[in-house]
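Q: Here is how the chains run, residue by residue.
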Amino acid sequence: MAEKPAANPRQPERGKEYVRIQNVTKRFGDFTAVNNVSLTIYQGEIFCLLGGSGCGKTTLLRMLAGFENPTSGQIFIDGEDMEDCPPYDRPVNMMFQSYALFPHMSVEKNVAFGLEQDGLPKAEISQRVGEILELVKMGQFARRQPHQLSGGQRQRVALARSLVKRPKLLLLDEPLGALDRKLREQTQFELLGIQERLGVTFVVVTHDQEEAMTLASRIGVMNRGEIVQVGTPTEIYEYPTTRFVADFIGSVNMFEGRLTEDEPDYVRIESADLGGRIYVDHGISAAPDSTVWAAIRPEKIEISRERPQGSDNTVGGTVKEIAYLGDMSVYLVRLQSGRIVRVSQPNAERRNQARITWDDSVWLSWDPSSPVILTQ
Amino acid sequence: MKSVDRRAKPILTPAKARLAAGRMGPLWLLLFRLAPPSWSDYVIKHWSGRGFVVAVPYLWLLLFFTAPFLIVLKISFSERLIAMPPYEPLFGWVDDIPVVLEWSFSSVMAFLSSIEVYADLDKYEFLLKNTLYIESYVYSIWVAAVSAFWCLMIGYPMAYAMARCTPTWRNVLLLLVMLPSFTSFLLRVYAWMGLLKSNGVINNVLLALGIIDEPLTMMNTDFAVYIGIVYSYLPFMILPLYTNLEKHDPTLLEAAADLGARPVKAFLTVTLPLSMSGIVAGFLLVFIPAVGEYVIPSLLGPTDQLMIGRVLSDEFFNNGDWPVASAVAVVMLVLLVGPIMAFQYFQSRGAEEERK
Amino acid sequence: MSRRRGLFQPLSLVLGFAFLYLPILSMMFFSFNNSRLVTVWDAANSPTLKWYVKLFENDQLLDAAFLSVKVGVMTATGAVILGTLAGLVLARFGPFRGRAILSGLTTAPLVMPEVITGLSMLLLFVAVEQAFGWPAGRGQMTITLAHITFTMAYVTVIVQSRLAGFDDSLEEAAMDLGARPVTVFIRVTMPLIAPAILAGWLLAFTLSWDDVVISQFTSGPGASTLPVYIFSKVRRGVSPDVNALATMLVLTVAIVVFVGAWIMRRQERKRDREIQLAIAENK
Chain A
30 MAEKPAANPR
40 QPERGKEYVR
50 IQNVTKRFGD
60 FTAVNNVSLT
70 IYQGEIFCLL
80 GGSGCGKTTL
90 LRMLAGFENP
100 TSGQIFIDGE
110 DMEDCPPYDR
120 PVNMMFQSYA
130 LFPHMSVEKN
140 VAFGLEQDGL
150 PKAEISQRVG
160 EILELVKMGQ
170 FARRQPHQLS
180 GGQRQRVALA
190 RSLVKRPKLL
200 LLDEPLGALD
210 RKLREQTQFE
220 LLGIQERLGV
230 TFVVVTHDQE
240 EAMTLASRIG
250 VMNRGEIVQV
260 GTPTEIYEYP
270 TTRFVADFIG
280 SVNMFEGRLT
290 EDEPDYVRIE
300 SADLGGRIYV
310 DHGISAAPDS
320 TVWAAIRPEK
330 IEISRERPQG
340 SDNTVGGTVK
350 EIAYLGDMSV
360 YLVRLQSGRI
370 VRVSQPNAER
380 RNQARITWDD
390 SVWLSWDPSS
400 PVILTQ
Chain U
756 MKSVDRRAKP
766 ILTPAKARLA
776 AGRMGPLWLL
786 LFRLAPPSWS
796 DYVIKHWSGR
806 GFVVAVPYLW
816 LLLFFTAPFL
826 IVLKISFSER
836 LIAMPPYEPL
846 FGWVDDIPVV
856 LEWSFSSVMA
866 FLSSIEVYAD
876 LDKYEFLLKN
886 TLYIESYVYS
896 IWVAAVSAFW
906 CLMIGYPMAY
916 AMARCTPTWR
926 NVLLLLVMLP
936 SFTSFLLRVY
946 AWMGLLKSNG
956 VINNVLLALG
966 IIDEPLTMMN
976 TDFAVYIGIV
986 YSYLPFMILP
996 LYTNLEKHDP
1006 TLLEAAADLG
1016 ARPVKAFLTV
1026 TLPLSMSGIV
1036 AGFLLVFIPA
1046 VGEYVIPSLL
1056 GPTDQLMIGR
1066 VLSDEFFNNG
1076 DWPVASAVAV
1086 VMLVLLVGPI
1096 MAFQYFQSRG
1106 AEEERK
Chain L
57 MSRRRGLFQP
67 LSLVLGFAFL
77 YLPILSMMFF
87 SFNNSRLVTV
97 WDAANSPTLK
107 WYVKLFENDQ
117 LLDAAFLSVK
127 VGVMTATGAV
137 ILGTLAGLVL
147 ARFGPFRGRA
157 ILSGLTTAPL
167 VMPEVITGLS
177 MLLLFVAVEQ
187 AFGWPAGRGQ
197 MTITLAHITF
207 TMAYVTVIVQ
217 SRLAGFDDSL
227 EEAAMDLGAR
237 PVTVFIRVTM
247 PLIAPAILAG
257 WLLAFTLSWD
267 DVVISQFTSG
277 PGASTLPVYI
287 FSKVRRGVSP
297 DVNALATMLV
307 LTVAIVVFVG
317 AWIMRRQERK
327 RDREIQLAIA
337 ENK
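In order, the protein sequence lines correspond to chains A, U and L. Convert by adding 29 to the 1-based position in the first sequence; the result is the number in our numbering. Convert by adding 755 to the 1-based position in the second sequence; the result is the number in our numbering. Convert by adding 56 to the 1-based position in the third sequence; the result is the number in our numbering.
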């Protein structure tokens, strides 16, 4: 890999291992929800389980919480085997997707519930409830009933309720799923702030890649019950290891081709799909002449009216569609081979005279470091 | 919020609705077309008025449900006659007190201030001074409360277990709960006569097993009445409880467990309070009709202590004293107004919760 | 946490259903007993069908059963018409003056002790007869009117809850497409609530067929329904032919209910399959 991602303040120093999932499989009847997953989560990090619906991410989370038992495999939290440890004895709290606020209790009572189970003295309970409600900015709503709150407020109460017991590990099931876009973005950053302040380890389940990218220090991408790739957001986005991950995270142009030149410091790929050759400035591990896939992100492709220099990594086409998204524009370009390629360009200038328009003949080109070559 | 609820419980998907409408629609249309044209024209022209649709059930209930109570009230103030019907004529007073038919406040006041009425309150004085009646009222309320309590004790675990079964099992069990109430109520009470009597099934079995040496007396005891009421009314307890418990969000219990509550604690702090409206509805649904129960104590109950429903029918059928029977009914209704209002309150609150 | 449900729940179901069904089964069992003592098994001459044969020789009983069927059919039909209207009004007409009263009037008969309803209905009929000379005496007519009144409440509740399960938007869509209110009711609302109407009819029939107290008050001499006849008989103690009658009634009801449930379930499954198929085709 050419470059390592820049240092991330949330990147833990791989210090203490906190959760270890070892060869865990969960079957419901004939259906395998989670298939032989092994995973280590470190103290203080935000780990996101990302995947489509039915990929097994929620089942994995529920096994951590203790609502489901693994069919086989083991789960260790803080070095202790969690088998036969019921949910109410685990040092773990969960924020539910539906929030699961008790409808017959006020905000205050909801938050106090967990502390009452521990039999803490009344004074301490009310003090800690007050503190945590202030932290999530819900102090003035303490006496409301859940149905008198907006979606965002409920989310905060649910967060407060799951944090008030000061768990070492907090599980969040689609924590922002029910919020609208604006609120979601704002809440994401607040969640990050709270996590940093309290130093709790978060495991977040989400289907929303943007959410995962914003929150996570590391992401585990799941598909059909298996973890397909684990890495930092940058690694997942820039260096996907499979076509599934490349396709699932962000949008990508995927060209099938044949490996024609395979040198230690560069490779060339002949792609009928593209109608041209792809030159990549680093070596890969694949057999010569084998079929590979080149994944190129839309924002890494240049679009211009004039033909750039060089014959590799350049291809001509016609603009078929333009979508103006404000901060950027997306072009769908049809190549001679018939393939449609997606290209996105930031709208840096307000008034662009040379703006490319429908049915223009254009050239697409990209840097030799941009394509990711995938063998599976 | 509303849309979330709808998503959570799709009773009818649009596709299903279309299928249903498509299949049944033509049949109903055909039936409507078969009606004489003049009639359907008339209906189409005049029936769009909501007023008519509201008026039909309204008037029916006023005529056949409300009016009868006013008559009962009126007769309870009346004097017994040896005649048919055995009370003073209903409309005979109109000449003396012309406003009595209108039942406005002033007419009631005029009615109450007449000398005749003071004399007629005798019926109530008679009831309240006679320990036989008071004892019967107290006994009925006691029996109904005890029976409703045992219904709850038996019905709650059943409803709870049913609500936690798989959907297929739920439907089967629900059907099994309701099935006995589709068969004759009278015959189910009768079945207990065969079980409880001194040479009945229970005694025979216990004697054969050597557990007892001589038959237990179970027929014509309070115990038999409790059994009969609990047995007959158990479905009325289970259904509202089941409806309530089935709607509970299982993640609430998971949240409680996650926060450290053991199963018993989680049940007591989450499930039980949330099922309170079901408990109250079930209890009242058993208690209210059980107070006036007539068939069960007649067949199974003691002969020396009568429930008030039995007293009422005895006064009516055996003694032919319609005014006293009416007064008994009025007092029973007054006693039950509270529970009935409570029941309606919880019904409408339950409906509101559903809408939320 | 389904993993640790323990024994308590299955046990409460088993015991509860044993309590519900053992008395009925025992009653059915002894209908084949030869002995007059009913519950003392006469092993030498049992099982026998003689009590069943006796039932069909009892004219009084057959007359009562016939009257019960007639009253039941008329009651169910009347209750369905009135109850559907009331359910429609309560579920769809929004708030109007007197809605609370109507709502109260429809639920009150559900809990009202039967003796009170019976007595008040009888007194109404007597008073009306005195004033207008109609209905002359009491019989089929008065029983039916009384039964309609107390059963329509059940139909109302069923129809109302069925309607509450549907979005108004179905009816709004029909109106938007140009259907007048009556057409909307006939082509959209009625088909949607047809199962509730059917269920309401069956329930009203069952309640009417089963009713003792109200029938006893509102029936006249010579016009007793089957439950009134049985009641007067069993007040004198258990009798073997009542066991036979009960067995036949219970079996009939059980068969009807199970066949009905089975048909409904089959249709539901077929519909689900068709929906699945349609979804699969779209993919």
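No lab work stands behind these hints: they were computed from the structure. Don't take each hint at face value.
Unchecked claim - In silico lysine to any residue, SDA-like type, Cα no more than 20 Å apart, as pairs:
| hint | chain 1 | residue 1 | chain 2 | residue 2 |
| --- | --- | --- | --- | --- |
| 1 | U | Lys1020 | A | Lys329 |
| 2 | L | Lys289 | U | Phe1022 |
| 3 | U | Lys1020 | A | Lys197 |
| 4 | A | Lys349 | A | Gln338 |
| 5 | A | Lys138 | U | Leu1007 |
| 6 | A | Lys138 | A | Phe105 |
| 7 | L | Lys289 | L | Pro103 |
| 8 | A | Lys138 | U | Lys1020 |
| 9 | A | Lys197 | A | Val229 |
| 10 | L | Lys289 | U | Lys1020 |
| 11 | L | Lys326 | U | Asn926 |
| 12 | A | Lys138 | U | Phe1022 |
| 13 | U | Lys1020 | A | Gly181 |
| 14 | U | Lys1002 | L | Phe222 |
| 15 | A | Lys138 | U | Thr1026 |
| 16 | L | Lys289 | L | Leu118 |
| 17 | U | Lys1002 | U | Val1086 |
| 18 | A | Lys329 | A | Ala315 |
| 19 | A | Lys138 | A | Cys114 |
| 20 | A | Lys329 | A | Ser280 |
| 21 | A | Lys138 | U | Pro1018 |
| 22 | A | Lys138 | U | Leu1023 |
| 23 | U | Lys1020 | A | Ser280 |
| 24 | L | Lys110 | L | Ala230 |
| 25 | U | Lys1002 | L | Lys326 |
| 26 | A | Lys197 | A | Lys329 |
| 27 | A | Lys151 | U | Lys1020 |
| 28 | A | Lys138 | U | Thr1006 |
| 29 | U | Lys1002 | A | Gln126 |
| 30 | L | Lys326 | L | Ala310 |
Keep in mind the model is a prediction, meaning the values are calculated, not measured.
Q: Next step is simple, just say for each hint if it's right about the structure.
A: Evaluation of the provided hints:
1. U:Lys1020 <-> A:Lys329: Given pair Lys1020 (chain U), Lys329 (chain A) is violated - Cα atoms ~58 Å apart, limit 20 Å.
2. L:Lys289 <-> U:Phe1022: violated, 48 Å
3. U:Lys1020 <-> A:Lys197: violated, 24 Å
4. A:Lys349 <-> A:Gln338: violated, 24 Å
5. A:Lys138 <-> U:Leu1007: holds, 14 Å
6. A:Lys138 <-> A:Phe105: violated, 32 Å
7. L:Lys289 <-> L:Pro103: The hint is violated at about 24 Å.
8. A:Lys138 <-> U:Lys1020: Holds, at about 15 Å.
9. A:Lys197 <-> A:Val229: holds, 5 Å
10. L:Lys289 <-> U:Lys1020: Measuring from Cα to Cα gives roughly 52 Å; hence the hint is violated.
11. L:Lys326 <-> U:Asn926: holds, 17 Å
12. A:Lys138 <-> U:Phe1022: Distance of about 16 Å is within 20 Å: holds.
13. U:Lys1020 <-> A:Gly181: Distance ~29 Å between Lys1020 (chain U) and Gly181 (chain A) Cα, so the pair is violated.
14. U:Lys1002 <-> L:Phe222: holds, 17 Å
15. A:Lys138 <-> U:Thr1026: Roughly 15 Å between the alpha carbons, so the hint for Lys138 (chain A) and Thr1026 (chain U) holds.
16. L:Lys289 <-> L:Leu118: holds, 14 Å
17. U:Lys1002 <-> U:Val1086: Measuring from Cα to Cα gives roughly 38 Å; hence the hint is violated.
18. A:Lys329 <-> A:Ala315: violated, 24 Å
19. A:Lys138 <-> A:Cys114: violated, 26 Å
20. A:Lys329 <-> A:Ser280: holds, 11 Å
21. A:Lys138 <-> U:Pro1018: Cα-Cα ~19 Å, so holds.
22. A:Lys138 <-> U:Leu1023: holds, 15 Å
23. U:Lys1020 <-> A:Ser280: violated, 49 Å
24. L:Lys110 <-> L:Ala230: violated, 58 Å
25. U:Lys1002 <-> L:Lys326: Distance ~26 Å between Lys1002 (chain U) and Lys326 (chain L) Cα, so the pair is violated.
26. A:Lys197 <-> A:Lys329: violated, 41 Å
27. A:Lys151 <-> U:Lys1020: holds, 18 Å
28. A:Lys138 <-> U:Thr1006: holds, 17 Å
29. U:Lys1002 <-> A:Gln126: It holds: about 18 Å lies between the C-alpha atoms, which stays within 20 Å.
30. L:Lys326 <-> L:Ala310: violated, 24 Å
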